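S.K.: I would like the entire structure built from these sequences, with the hints used as guidance.
Take 3 as the starting number for the sequence shown in the working numbering and just add one per residue.
Hints were generated in silico from the structure; no laboratory data involved. Computed from a predicted structure; not experimentally measured. Treat each hint with caution, since some may be false.
[Claimed, not checked] Pairs of lysine-lysine residues, derived as DSS-like cross-links and limited to a Cα-Cα distance of at most 25 angstroms, are as follows:
hint, residue 1, residue 2
1, Lys331, Lys213
2, Lys395, Lys251
3, Lys213, Lys395
4, Lys76, Lys57
[Stated by the list, open to error] If you anchor each label on the Cβ, the simulated ranges turn out as follows:
hint, residue 1, residue 2, range
5, Tyr393, Tyr207, 26 to 32 angstroms
6, Tyr207, Ser45, 25 to 31 angstroms
7, His518, Ser97, 54 to 60 angstroms
8, Thr109, Thr72, 40 to 46 angstroms
9, Tyr393, Thr522, 38 to 44 angstroms
10, Asn217, Thr522, 35 to 41 angstroms
11, Ser43, Tyr177, 36 to 42 angstroms
Each residue gets a CB set at the ideal place from its N, CA and C atoms; glycine is no exception.
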Amino acid sequence: MYKKVLLTSAIVLPMTMTSIHAQSSQGIITASSLNARSGASTSYSIKFVLHKGDKVNIITSSNGWYKITTDNNKTGWVSSKYVEVQNTTTIKYVSASSLNMRKGPSTSYSVITTLTKGEEVEVISEENGWAKINHNSKTGYVSSKYLSDEKPVKITIKYVNADSLNVREGAGTSYKILGTYNHGDEVKVISIDGNWAKIQYKDGYAYISNKYLSNEKPVKVTIKYVKADTLNIREGAGTSYKILGTYKKGQEVKVVSIDGDWAKIQYEDGYAYISNKYLVDKMPTDSENDNKDNNVVGDVIINENLNYSFDAMVDYEYKLSQQGYNRIKANLSTNNQNSTKYLQATREDLSKYLNPQTFSTNANGRLQFLKIDKYREGITASELNAFFNKYCKSNSVFINKGQAFIDAAKKHNLDVSYLVAASMVETGYGSSVLSQGVYVDGENGEKVKVYNFFGISAFDGTAVSSASQYAYKKGWTTVDKTIEGSAKWLSTNYIHSTKYKQNTLYKMRWSYNTGHQYATDVSWAHIIAKVMNNIIPYYDNSVSLEFLIPNYK
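M.R.: Structure representation (structure tokens):
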């Protein structure tokens, strides 16, 4: 909290007038009665009379006269020889790490004691850069420039444990974003009030969410996956160390550091070691053997410069959020409610999911930026069928439909991993009502079974009937036809649209100033990307993946 500081203007006076003291001074009347006059001599008229013991505030002095005010705001001039001056002390604080207190007002005087930063002193007077002070029953002099009106703030060092953390103008998500901190950044905390921390920021102060701060610098963790059938977890970096447990193929591992053939990992409440030879960046599939390298080489990162700022994007999306178009599950929101119901997304939520840095550094998140407007060879129908058999229920309409997805993706120039992943999420892996097929009346009165995988034209209140009628008009009477028709619809309306050009998941979810956004769930792109990450490893090493990362103005 800032203290109020009273500022006074310097007044140029005639040479005969002098200033009393740097501090405000009080005086006590010593005469039995004393005339207060309208000017600084006996020739001026008497305004009022003071009596012995009366207290006055001394403003200035001139030629043996004091200009004074009384407690009832009367102002006048009195003879200084009948006023006993009592200087009032001012509390100040040492701002230097150490400060010598001397016997006189210069460095030639001997040192009485040494004061430390933050110590409180009583200032009696100040003159020529030196302050006369009282401290611990001792009186001496210190350099004025190392005294402060405000007590130095005690700084606590904390560290950011989120991928990115917004710095705000005030303690709340409605305040303007001034910048961002990244994972592991050091923060100088002044005070904490509830969920918000006041911090030193640039040349002033700012606020950040206290929930994402830790006392210890967080270790940068890299997610990797086990590609061996089993992998021993050891107490140290070598096969001679005790085995603490085992990982199975496909399990996620949090790697802290790598030294040669050994990886230090987070394990239970501490650290352990595993062989680095059996770790990969992407989750391995059942069809791969231990010797196959799952890393896709030749990835291309393209930074796309935008002509609007990140703050402008957040502002735009927040307006949509207030209109109900941006929603988030309560347990994922900064509101942090223990519920899976959907809430209006806050600015903090939007800033997290809009920020490319939040997701672009990990395998799942980076797939939000994969260019999906291109068919890539390398995934076979049998590999997709293996994926369906692993993740879908036995009654899923997608069982053994790998070739249909490849044909549709190739025809409409789409990335097949995206087309499959989006279909899985939209249909509950091929088990939703519309994906299982709905009977409608045909032109001749016969019953016709139709499919709709993306809920296209499913209107509130009539979702199944309206979506199935649309499917009938489109001729989606088989699973294969519906896969192809869905690919065409996605390509035409989003991915290859000449108007919107939404050729990444990120662009499909977020579209500045158009309102043409595929979903209302702020985590939609991340959800699709997580499924894609289970398909991407099927690409062989000759495939080049292109990522389009937005670069805000």
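S.K.: Against this structure, judge whether each hint is valid.
M.R.: Hints and how they fare:
1. Lys331 / Lys213: holds (18 angstroms)
2. Lys395 / Lys251: Given that 25 angstroms is the threshold and the Cα spacing comes to 22 angstroms, the pair holds.
3. Lys213 / Lys395: Status violated; Cα separation ~39 angstroms.
4. Lys76 / Lys57: Since the Cα atoms of Lys76 and Lys57 sit roughly 12 angstroms apart, the hinted pair holds (cutoff 25 angstroms).
5. Tyr393 / Tyr207: 26 to 32 angstroms: violated (50 angstroms)
6. Tyr207 / Ser45: 25 to 31 angstroms: Roughly 56 angstroms apart at Cβ, these two residues miss the hinted range, so it is violated.
7. His518 / Ser97: 54 to 60 angstroms: holds (56 angstroms)
8. Thr109 / Thr72: 40 to 46 angstroms: holds (42 angstroms)
9. Tyr393 / Thr522: 38 to 44 angstroms: violated (25 angstroms)
10. Asn217 / Thr522: 35 to 41 angstroms: holds (38 angstroms)
11. Ser43 / Tyr177: 36 to 42 angstroms: violated (59 angstroms)
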